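Based on the sequences and whatever the hints tell you, model everything.
Chains as they are written, first to last, in the numbering used here: chain H, 6 to 351; chain R, 6 to 351; chain B, 6 to 351; chain Z, 6 to 351; chain A, 6 to 351.
Hints should not be assumed to be uniformly reliable.
It does not matter which identical chain is used: a pair holds within one copy or between any two.
To be verified - When the alpha-carbon atoms are kept at most 27 Å apart in a straight line, the in silico DSS-like pairs for lysine-lysine are as follows:
{"no.": "1", "residue 1": "82", "residue 2": "99"}
{"no.": "2", "residue 1": "82", "residue 2": "252"}
{"no.": "3", "residue 1": "82", "residue 2": "42"}
{"no.": "4", "residue 1": "346", "residue 2": "207"}
{"no.": "5", "residue 1": "42", "residue 2": "135"}
{"no.": "6", "residue 1": "202", "residue 2": "42"}
{"no.": "7", "residue 1": "252", "residue 2": "76"}
{"no.": "8", "residue 1": "181", "residue 2": "24"}
{"no.": "9", "residue 1": "99", "residue 2": "55"}
{"no.": "10", "residue 1": "192", "residue 2": "349"}
{"no.": "11", "residue 1": "76", "residue 2": "25"}
{"no.": "12", "residue 1": "349", "residue 2": "292"}
{"no.": "13", "residue 1": "324", "residue 2": "24"}
{"no.": "14", "residue 1": "192", "residue 2": "181"}
{"no.": "15", "residue 1": "346", "residue 2": "286"}
{"no.": "16", "residue 1": "28", "residue 2": "192"}
{"no.": "17", "residue 1": "56", "residue 2": "348"}
{"no.": "18", "residue 1": "348", "residue 2": "99"}
{"no.": "19", "residue 1": "346", "residue 2": "135"}
{"no.": "20", "residue 1": "42", "residue 2": "53"}
{"no.": "21", "residue 1": "348", "residue 2": "292"}
{"no.": "22", "residue 1": "24", "residue 2": "192"}
{"no.": "23", "residue 1": "348", "residue 2": "207"}
{"no.": "24", "residue 1": "53", "residue 2": "76"}
{"no.": "25", "residue 1": "349", "residue 2": "207"}
{"no.": "26", "residue 1": "348", "residue 2": "24"}
{"no.": "27", "residue 1": "55", "residue 2": "82"}
Please keep in mind that the hints were generated in silico from the structure rather than gathered at the bench. In this text, all values refer to a predicted model and were calculated from it rather than measured experimentally.
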Amino acid sequence: MKKKSYGLPPESIVFIGEKKTEKTIINVFEINSESHKEYSLESIDQLKIKKDDTHYWVEIIGLHDTSVLEKIGERFKIHPLILADIANTEHYPKLDITDGFNFIELKLIDYSLTENSITSEQVAFLIGEKILFTFLERETDIFNFVKDRIRGKHTKLTNYSVEFISYSLIDSIVDKYYYILGEIGEKIEELEDEMLKGPEPKTMDIIHNLKRNIIFIRKAVWPLREIIRKLEMDVRNDTNPLGIYYKDLYDHIIQVIDTIETQRELVAEMMDIYLSSVSFKLNDIIKVLTIISTIFIPLTFISSIYGMNFHFMPELTWKWGYPLIMFIMFSIGLSMLIYFKRKKWF
Amino acid sequence: MKKKSYGLPPESIVFIGEKKTEKTIINVFEINSESHKEYSLESIDQLKIKKDDTHYWVEIIGLHDTSVLEKIGERFKIHPLILADIANTEHYPKLDITDGFNFIELKLIDYSLTENSITSEQVAFLIGEKILFTFLERETDIFNFVKDRIRGKHTKLTNYSVEFISYSLIDSIVDKYYYILGEIGEKIEELEDEMLKGPEPKTMDIIHNLKRNIIFIRKAVWPLREIIRKLEMDVRNDTNPLGIYYKDLYDHIIQVIDTIETQRELVAEMMDIYLSSVSFKLNDIIKVLTIISTIFIPLTFISSIYGMNFHFMPELTWKWGYPLIMFIMFSIGLSMLIYFKRKKWF
Amino acid sequence: MKKKSYGLPPESIVFIGEKKTEKTIINVFEINSESHKEYSLESIDQLKIKKDDTHYWVEIIGLHDTSVLEKIGERFKIHPLILADIANTEHYPKLDITDGFNFIELKLIDYSLTENSITSEQVAFLIGEKILFTFLERETDIFNFVKDRIRGKHTKLTNYSVEFISYSLIDSIVDKYYYILGEIGEKIEELEDEMLKGPEPKTMDIIHNLKRNIIFIRKAVWPLREIIRKLEMDVRNDTNPLGIYYKDLYDHIIQVIDTIETQRELVAEMMDIYLSSVSFKLNDIIKVLTIISTIFIPLTFISSIYGMNFHFMPELTWKWGYPLIMFIMFSIGLSMLIYFKRKKWF
Amino acid sequence: MKKKSYGLPPESIVFIGEKKTEKTIINVFEINSESHKEYSLESIDQLKIKKDDTHYWVEIIGLHDTSVLEKIGERFKIHPLILADIANTEHYPKLDITDGFNFIELKLIDYSLTENSITSEQVAFLIGEKILFTFLERETDIFNFVKDRIRGKHTKLTNYSVEFISYSLIDSIVDKYYYILGEIGEKIEELEDEMLKGPEPKTMDIIHNLKRNIIFIRKAVWPLREIIRKLEMDVRNDTNPLGIYYKDLYDHIIQVIDTIETQRELVAEMMDIYLSSVSFKLNDIIKVLTIISTIFIPLTFISSIYGMNFHFMPELTWKWGYPLIMFIMFSIGLSMLIYFKRKKWF
Amino acid sequence: MKKKSYGLPPESIVFIGEKKTEKTIINVFEINSESHKEYSLESIDQLKIKKDDTHYWVEIIGLHDTSVLEKIGERFKIHPLILADIANTEHYPKLDITDGFNFIELKLIDYSLTENSITSEQVAFLIGEKILFTFLERETDIFNFVKDRIRGKHTKLTNYSVEFISYSLIDSIVDKYYYILGEIGEKIEELEDEMLKGPEPKTMDIIHNLKRNIIFIRKAVWPLREIIRKLEMDVRNDTNPLGIYYKDLYDHIIQVIDTIETQRELVAEMMDIYLSSVSFKLNDIIKVLTIISTIFIPLTFISSIYGMNFHFMPELTWKWGYPLIMFIMFSIGLSMLIYFKRKKWF
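The following block contains the structure:
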């Protein structure tokens, strides 16, 4: 979370975050029971709303130009605090159920398996009676599948209402979480295999990275549980066919959270395994040092005795002195080895 | 959790998991107050439902052929989202109480004591008014006992309704959890005995495996608590004699969860004991190294002094020089030993 | 928890546990406002119930002969699932409030201070309107005090109803928990004193044992909190004078649980102290090794230089070579000692 | 918690604890809107209660003589279980709101900054309509301030009811907790300063002591939260001016608990700092050993080579052999030093 | 928390804390729909309240002179317990909703990035119908922005009521928390970069400092969650336009708390990384020691054998004895190196 300054009135619409696209793009999907139209606008002022039962999905890509937000706010009577939340792309997931519009803010997550790193973007939804605004920081392919279904490719949308479209978009985002957790799961399995070969310093970094990624995803996903539950309750009151869809989505979110918790435990477990294998390896090394030192230090002492230059050292003149001392040293070394073996030191 | 792709509509019935059987088998039990019939079907289309009070248990083994699911969905008006859940064998335990059918998904767990490994499969139940569908990934003997009771072997079922049959099947599954936890309990005791002999690297692996197995079982069992509670409440409203059975089952689940938590604590405790015994052993080794080094390093220094080749070293020419120095060295070594003994170093 | 087999119908009355007594003993206390009678029965069939306000306490000792349970079940219409719970002595504490009988299952705990080990047995209560059954695995003296009060020794029971007798019996059991925790408290204090003398390997075992014992007691006591609370609520509705007794009992259970939690913290604390004292001792040993090695290794190197046999080593022929080198070595050793002392290494 | 015996009826009034005073003292404060009287009684039988609106505070010091309790119990119809709780000075804080009397039991804590040790005593309150009994184990000055306010010193009590007096007494006790936590806070700061000088073994003991003291205080204070909340609720229903006082007291208790939790975290933090500083110091020592050994062990080997007595060792006869080898050894030593320096080993 | 004394009546208005300003300053903002006035007072007695719809914000800076508090208390009928809380600047955040005034106490936090240290001050709010008192310990610039908005600079306040002003002031304080957490976030990132260069002892101190700072902020922020929620609920009942503002503020507080928790996890994570990198470095050093010692200790032993002065050592007289032994020693050293390399010791 970054906040460049404080002391601004809470309603200020200030873009917080990196500018991720050059120009603000405005795509409109105009859908009714018979057909659908698709076009881009230069400015939000050009948007014309028909009075019949046509539904509109207005996709706005790029948030750095806050004037678009201001215009939408004026025309559709959105509270400035909500516009401020849209502009603040560091905001955490939230849901505001108001009279005119339901406001939803989610995190779109992307995971790079090779770099083991997470990137995230904000998506905001303003769901009105017949109009849906989505706000993205930059172009992404996450919504293409829903667009294709609107266009009639693959399986056509059975329900062209903005409520169903927004459900489908949120479902795509949650599906992406699933997918990413699947990839992280693969990364964990990969790591487990690698760890069998023995611990390496970089393994540590990967585990720490995984941990941080999981903290990050958890932070993005956790609030969704409450958001989807509230959406389900909001929808249920209306005896809406969407009810079962939101219940299904809620189940998915629960399972995503469950998977995150399990992966956290597995990563913590891996960390333990890693640390204990590092310590085992060190123990092995220390044992070898101990055994070698413990055997040779006394032997070296003995030989250093007979390296002394005293004039009167009777053993030195014995004919069998040298073989005898060699035999004694060999016996000492051997009995120490046997002793250590018995104590299961190696 | 694995998800091969994202961007599918949520209602897609896609088989997720390994294919564990070649052909989809359909077994039907036709039961009424007077008799029971048992037969297999080639296709679900052949299933004929009588209008009297006959109850049907349709067992479907093998889920990779999703056309069976689709046919059942069409004929019995099952929501596609539920069919999608049945096909997704990576789903976690859940309960959906809907108008037509109650939908239950559980995990069937198997534990191999010798390999200390857990395998799991999904079982799905669709419990209608007079018809029960069970979906398994592959043939298993877990339901044989209930089948035998239907056939009148051992103690006959007192109640031939599909509600009672599904209760009995779920009870068998929970009984299996009991049994597995008993085996894990034995493994833990076995380990405790082994640990008394001294720590070995493979003990670590076994403990970690146990930990992972317990995490796994916990994940499979935890949601059952809520599921059984809801089933009990659902049944209680109907002043159903099943009430007390589900209460009993709920008690069992609580005890299973309780046992899992206790085993987690015990395994964590064993890990602590293991680590501290490893560290004690290392301490012992280091102490020996220290004592040997601390005694012989100074002695070697002394003898190396008299190995110097200075021409004027009066001690070297003394008649008693050698015995004297030997005596001094012996005294130093002995006093160090006594000192270490007093300090309780060994 | 052990379960020898799975696949039995849930109502099977199977004795699970060790057989702890040879013969099943049946003692009956027949109490009314004027007198009390006390006799043993060969078989439960001999039990005769008067229609007046006489209350009966039937004590059954030994559960391996499940036929006794079956007979009681038939005659008093106890649900087979409850009988199965009585026979399963591995069951955890539970309470079933049913129409005819209240069913309570508790753990009776015993602690041996010398062996620092816990043993446990099951006690089951079936509390009917005027009859109380208690089921024990083997003879124990825990109920003697209540029996004496019935017989009029010490302070006579003010209330001869089976509700009050069962309250008194449960109170005795909770009192025993108190007593055991007091003994464990003493063990902890004893250990604290011993630890002051320095760490010893066996201390570790005792701490681990304490930890396990506390886990065990906690598991047995924890569910009682809920059980006593429910009993209190059950009784309170009846504006029963027992209300204040159960409230008192509830307070005791809370205090027992509180003491268990405090003892857990203290034992965890002791473990920390123990581990840190072990590590301090090792540090001390390592410091001595370091100081000795660091001083003598360079000195030995110097003396080994003058042990070289080069023909041209001018120092060797100097008259003061030997004293000089001895002085240099002494100075080096001394300055190292001073340096280490300054760095507070010893 | 100690319990010398089990098997007593729950209503037995048995003094549990150390006898802390010789004689039981009974002080009476007789207060009404016009004046206050203060006198001591030999026996509780002498207490005379006027029928007007006079309030009585009866202070009983010393609990080993349980006959006083029994007499109060009989005369004021206190339930024997409450009397038993008063006599059991090992009881934890509790509140019983009954028809006649409110019963409160608290812990009075004292902390010795120099010895870093906690002592505790029990205070029991029996608050009737116009009479308040307080039970103390021994004389203490904690209530002097309230007594002085009754006597009219400092600020006079605005409200002479026993409810207000008992509130004031409880407030004094909570104030003492505040004060003690302040002292512990000072001890923690003192320790932080000391720790900067480097770790010493006794620091460990002080930290452990602090930890234990905080566990102890926490155990005594925690139940007060609930007790004060209930007292506040009890009082609030009566639209009593005491309401805001108890709310204030509740705030204080919350802050005391909050401070305890923060101090726990700080002490845990200090423990971490301590352990890591110990391990840093050991690392430093080990590094020195390593550097010295790693440099001199190879050098000693080289010089030992030229100490061998082979007849044919050409180097020995070279004129520059000795300086050459000295130079080689110096170069090896120096390059190792540089290597270690580069690796930032020292 | 410090409390200099105990035994004071709870209503005593005693200044607790450091005196942070010399003189008590009283600033008044007099605002109505048409204009605003701004002036300072010497004494609170000079404050004149008009009966029209003018709102007053009275800012009091400096709390050591408790007579100001007493005067306000008398004139506006503030309960002495609330005044005592204002004077006690060590109090934790709290909210009292009373009949006349709402009382809020918050912590104003400041963070110095360079010194990585936190300072805190208390701000108290007394919000009446048309009058707002704020109490500060010393002059601060946190409220300047709101003052500027009252004065009409930047964006003018849309709502001149004291409720809105107090909301704006609290919002500024929460904004400051945001800002500080942003700075701590930067410090964490800075540390992460530094840690890549290798562990240094001072890193430890910085991490511990961060931990303590986060504990501190958490303690100050946590109670706000409940306070803002209550304020929102209080306001919501009045169908007040402030409702959405307080909801927004509540969202901010949740996000601040969320960020604190994430930062705690990250700092804990960094601590783990730091400790493991320290231990890795030590392991590296120990490995080098082990390898060097393990290779040279046996070699030195061999050479010391041939340094013995036995008269009969045939090898010494061999012509190729010296080269042979050198070759043997070289072979032993080399094979040990290869062995260690294979074992991946370096």
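So, going through the hints one by one against the coordinates:
1. 82 - 99: Close inside one copy (20 Å), not across copies (36 Å); limit 27 Å.
2. 82 - 252: between (31 Å within a copy, 18 Å between copies)
3. 82 - 42: within (26 Å within a copy, 34 Å between copies)
4. 346 - 207: between (34 Å within a copy, 19 Å between copies)
5. 42 - 135: within (15 Å within a copy, 48 Å between copies)
6. 202 - 42: neither (58 Å within a copy, 57 Å between copies)
7. 252 - 76: between (35 Å within a copy, 24 Å between copies)
8. 181 - 24: Result: close both inside a copy and across copies, 23 Å intra and 24 Å inter.
9. 99 - 55: Cα proximity of residue 99 and residue 55: none, with 30 Å in one copy and 44 Å across.
10. 192 - 349: between (37 Å within a copy, 24 Å between copies)
11. 76 - 25: within (21 Å within a copy, 48 Å between copies)
12. 349 - 292: Classified as both; 11 Å inside a copy, 16 Å across copies.
13. 324 - 24: neither (92 Å within a copy, 77 Å between copies)
14. 192 - 181: Within one copy only: 16 Å inside a chain, 32 Å across chains, cut-off 27 Å.
15. 346 - 286: both (19 Å within a copy, 14 Å between copies)
16. 28 - 192: Neither: 37 Å inside a copy, 33 Å across copies.
17. 56 - 348: neither (90 Å within a copy, 75 Å between copies)
18. 348 - 99: Neither way: residue 348 and residue 99 sit 63 Å apart in one copy and 49 Å across, limit 27 Å.
19. 346 - 135: Intra 82 Å, inter 71 Å, cutoff 27 Å: neither.
20. 42 - 53: within (13 Å within a copy, 48 Å between copies)
21. 348 - 292: Both. Shortest intra-copy (12 Å) and inter-copy (14 Å) distances satisfy the 27 Å Cα cut-off.
22. 24 - 192: Classified as between: cross-chain Cα gap 23 Å, same-chain 31 Å, threshold 27 Å.
23. 348 - 207: between (35 Å within a copy, 18 Å between copies)
24. 53 - 76: The answer is within: 14 Å in one copy meets 27 Å, while 45 Å across copies does not.
25. 349 - 207: between (32 Å within a copy, 15 Å between copies)
26. 348 - 24: Answer is neither: 66 Å inside a copy and 42 Å across each miss the 27 Å cutoff.
27. 55 - 82: Result: close within a single copy only, 18 Å intra versus 37 Å inter.
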